[in-house]
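Top to bottom, those sequences are chains H, Z and G. Just so we're aligned, residue 1 is where the first sequence starts under our numbering, counting upward by one. Just so we're aligned, residue 244 is where the second sequence starts under our numbering, counting upward by one. Just so we're aligned, residue 577 is where the third sequence starts under our numbering, counting upward by one.
Note that these hints are calculated values from the structure, not bench results. Heads up, some of the hints might be wrong.
To be verified - Pairwise CB distance ranges, derived in the manner of DEER restraints:
{"#": "1", "chain 1": "H", "residue 1": "GLU191", "chain 2": "G", "residue 2": "GLU815", "range": "51 to 57 Å"}
{"#": "2", "chain 1": "Z", "residue 1": "LEU354", "chain 2": "G", "residue 2": "VAL854", "range": "25 to 31 Å"}
{"#": "3", "chain 1": "Z", "residue 1": "PRO394", "chain 2": "G", "residue 2": "LEU740", "range": "57 to 63 Å"}
{"#": "4", "chain 1": "G", "residue 1": "ASP763", "chain 2": "Z", "residue 2": "VAL530", "range": "54 to 60 Å"}
Heads up, the beta-carbon is just placed ideally off N, CA and C, and yes, glycines get one too.
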Amino acid sequence: MTATAPELRVEGLEAGYYAGQSVLRGVDLRAAPGKLTVILGPNGAGKSTALRVLAGLLPPAAGRVLVDGHDITRVPAHGRARLGIAFLPQGRSVFAALTVHQNLELGGWILRRRRQDLDRALEAAYERYPKLRPLRDRPAGSLSGGQQRLVEIARMMIADPRLILIDEPSAGLAPNLTEEVYEELARLRVEGRTVLLVDQNVRAAVEVADYVFTLESGRNHLEGDRERFERELGALIRAWLRV
Amino acid sequence: MRPALEPAGALGRLGQDLVRLRRRVWAPVGALVLAGLVALGLVSDDLALLDSLGVIFMYVVLTQAWNVLGGYGGYMNFGMAAFFGVGAYTTAVIGHSWPVSPVLATAAAGLASGLFALVVGIPTLRLRGAYFAIATLIVTFAVELVALNAPFTQGSLGIYLKVLPLSPLQTEQLFYFVFLGLMLAATVIVFLIERSHFGWALVAVREDENAAEVLGVRTTRVKILALLLGAVMAGIVGGIYSYRVLYIEPAGTFAIDTSLNVVLMAVLGGAGFWQGPLIGAPVVMAVGDVLRVAVASEVNRLIFGAILVAVALFAPNGVMGFLRGVRGRRFTI
Amino acid sequence: MLSLLLQAAVDGILLGLIYTIMALGLSLILGVLGVINVAHSVFIMLGSFFALGLLTLLHLDPAVSFVLSVPVFFLAGAAVYRLLIQRVQRAPATIGILVLFGLMVVVETAGILLWTTDTRVITVGYSNLRLSAGPVTVNGARLVAGGLSLLATAAAYWFLKRTLTGRAVVAMADNRDAASVLGMDVDRLSMLIFGLGIAAAGAGGVAIGMTFPFAPQDHIQWLAWAFLIVIVGGLGRVESTLLGGLVIGLVQTLAGVLLPFSWVFLLMYLLLLVLLIVRGQGLAGARRREL
Chain H
1 MTATAPELRV
11 EGLEAGYYAG
21 QSVLRGVDLR
31 AAPGKLTVIL
41 GPNGAGKSTA
51 LRVLAGLLPP
61 AAGRVLVDGH
71 DITRVPAHGR
81 ARLGIAFLPQ
91 GRSVFAALTV
101 HQNLELGGWI
111 LRRRRQDLDR
121 ALEAAYERYP
131 KLRPLRDRPA
141 GSLSGGQQRL
151 VEIARMMIAD
161 PRLILIDEPS
171 AGLAPNLTEE
181 VYEELARLRV
191 EGRTVLLVDQ
201 NVRAAVEVAD
211 YVFTLESGRN
221 HLEGDRERFE
231 RELGALIRAW
241 LRV
Chain Z
244 MRPALEPAGA
254 LGRLGQDLVR
264 LRRRVWAPVG
274 ALVLAGLVAL
284 GLVSDDLALL
294 DSLGVIFMYV
304 VLTQAWNVLG
314 GYGGYMNFGM
324 AAFFGVGAYT
334 TAVIGHSWPV
344 SPVLATAAAG
354 LASGLFALVV
364 GIPTLRLRGA
374 YFAIATLIVT
384 FAVELVALNA
394 PFTQGSLGIY
404 LKVLPLSPLQ
414 TEQLFYFVFL
424 GLMLAATVIV
434 FLIERSHFGW
444 ALVAVREDEN
454 AAEVLGVRTT
464 RVKILALLLG
474 AVMAGIVGGI
484 YSYRVLYIEP
494 AGTFAIDTSL
504 NVVLMAVLGG
514 AGFWQGPLIG
524 APVVMAVGDV
534 LRVAVASEVN
544 RLIFGAILVA
554 VALFAPNGVM
564 GFLRGVRGRR
574 FTI
Chain G
577 MLSLLLQAAV
587 DGILLGLIYT
597 IMALGLSLIL
607 GVLGVINVAH
617 SVFIMLGSFF
627 ALGLLTLLHL
637 DPAVSFVLSV
647 PVFFLAGAAV
657 YRLLIQRVQR
667 APATIGILVL
677 FGLMVVVETA
687 GILLWTTDTR
697 VITVGYSNLR
707 LSAGPVTVNG
717 ARLVAGGLSL
727 LATAAAYWFL
737 KRTLTGRAVV
747 AMADNRDAAS
757 VLGMDVDRLS
767 MLIFGLGIAA
777 AGAGGVAIGM
787 TFPFAPQDHI
797 QWLAWAFLIV
807 IVGGLGRVES
817 TLLGGLVIGL
827 VQTLAGVLLP
837 FSWVFLLMYL
847 LLLVLLIVRG
857 QGLAGARRRE
867 L
């Protein structure tokens, strides 16, 4: 926990999936070190696309991604893990055919040449998420949705990332599990990691946020700290539902 | 379904402009070329020229036949030689054994190739993806095995057909005009398909088969129909081909060259455009004519294979792609 | 009759082992990368000629060539991946198939130019050796080829199941994005698996060359057999391919006891058609992006 959390900045990001069809049309974002920043917006605003670009899965058409001032725009996805950046994608992403333990092991892929560190990290993960210990040798694909989410989070944490990108962590989960996920998010913040969160669950997200950005149609819309958004939340949600 | 396939935004406007331009250009150019070809066929006594052009026309038909499923539907058929060969063997076996009119025998060739398409298509086209491609390679090999071993094909000895009672020039002219007519017919058919619901359904299969299915396209039926149509065309061409060469044997009839040429012509000209085969076939045949003087037929095939790799890597939309300025998702499963 | 069947079973199992390594690359490349390698069988053909060449030039036993073929064909496969496949990974799947079809034509034709269309056989000291155990007689070459194939298959199984890199390959096959954000270089892993697939094809070609006559233009038969095995066994897993290989080896030899030779081939092709109809949906569901 001694390593300092990085600052993430995004400048003039433009990206899309097909030539000539931009989803992001010039987006600026900043995730302050050690803070939890939330991106909100109606469906199709480009939130998930922005996270995919930040994770290195989608090359941007224009713009820069900076971590502590270093330009990482051209660093491939697998290279970003080494920089302490983690990404929790939307939907199911456990490796279904592998056991829980094997999933966690692969979370430590970048530690694979330091077996002792990897073993220590794995043990720490079971300490941190004790519910996983009895599931250790179960195929991840056979677990419930909530358990799979826990595996995904634990797998992401093996490498002890300092900058965490999370896409819709509570989508498709039962309310009590959503609560658990949000407790985990709060813990990440307390631990001083930089977190950038995208979620449809606007109220819960704003509640844990330090700072909030909103996107609309691939452009910046509003931004501000939590207090401001808590006041305007009702109006905002109503406006988006009409979109 | 119709609006979903309309290109959107600026790309769409550009497309419409090009469509307008194309309408203005293609119709007169096409009519002019056609008139020239008819005149040439009537006045020329250059047997070699008529022969070369006849082969080009024949390949245009085969490439259009490939284009229906391969170009619009995105399902790669690497076994056009099999459909062509089934047609060729049908007329050869019939013509060799019974005094049947060549027209009837050719119709039978189309029918036989169509039936063969159902046998190949029903198991493989129910599947997504590239299983069909690998299956087409395998059936070509399997059909050649049958031709080598079946009792009615005379194995590797091959089959001779009776010479038609015509002078050499008359013979050349006959096949010249028959293939010219077929080329015209095949091109019109594909042109109409491009503008039909059937054609749109095929393109939908190519662009996103899952989405097409959700939208209500009966993808399996559409794919099988497209293969069937192409197979009948190829079977008719093959049937006429054996009357033209008067001798067929398994290795030559089912040679991979035919399949390779067709794919190369389609991709080079522009797969999924009705004009593609009209561009690709003459270009590839011209290159082939130059090579034939210079190198052995195997080297020729090797070069064509390498050209196919290069075209697929660097210009997957072919000449038509350049003319239309198409980029991105043109060619997909 | 019983001893005849026992004999056929032993022959079938050995043949099945050879078929397994011959088909393994097709299954792995399709299952893990979603690429249907229509050029698979030309590498089998090259493997057979690799063994023949080393035998005639250096008097190397095909068993040695089998081992040597693994690194040689691995490098060839990795090069093919880097030069051709990686370029079209983001492009629509049809482009990759066209490239591989072109490659198949080029390699096959180069083979014909180098070695003509003549049919060859590999003959070594134990090629015609007949080893008897009770009622069963085993051909020496087939025993060696089958044994080596079993070893190679076991090595592939061990790699995918017991090593972290192997599990990373499985992970990548499941979810490419999730694997890459955990730090796995999916391009390198893909190159690795393509290289291994081609290495298996080359080694399979050596084993095939020890057992059957071969010629450059006849490789499609092995494509058909490999495809059949993949359909019988299923995709991407070594044990599935082993199952498929053994089933096909046994069916072929047992059918050979009951039917004349040319009918066996017809039967196998019919089996392919029927299986495509019956098992088709399972295959289609195996991967989201089929190529």
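Hints, verified against the model:
no. : hint                               : in the structure
1   : H:GLU191 with G:GLU815: 51 to 57 Å : 43 Å, violated
2   : Z:LEU354 with G:VAL854: 25 to 31 Å : 28 Å, holds
3   : Z:PRO394 with G:LEU740: 57 to 63 Å : 59 Å, holds
4   : G:ASP763 with Z:VAL530: 54 to 60 Å : 35 Å, violated
Hint violations for this structure: numbers 1, 4, all remaining hints satisfied.
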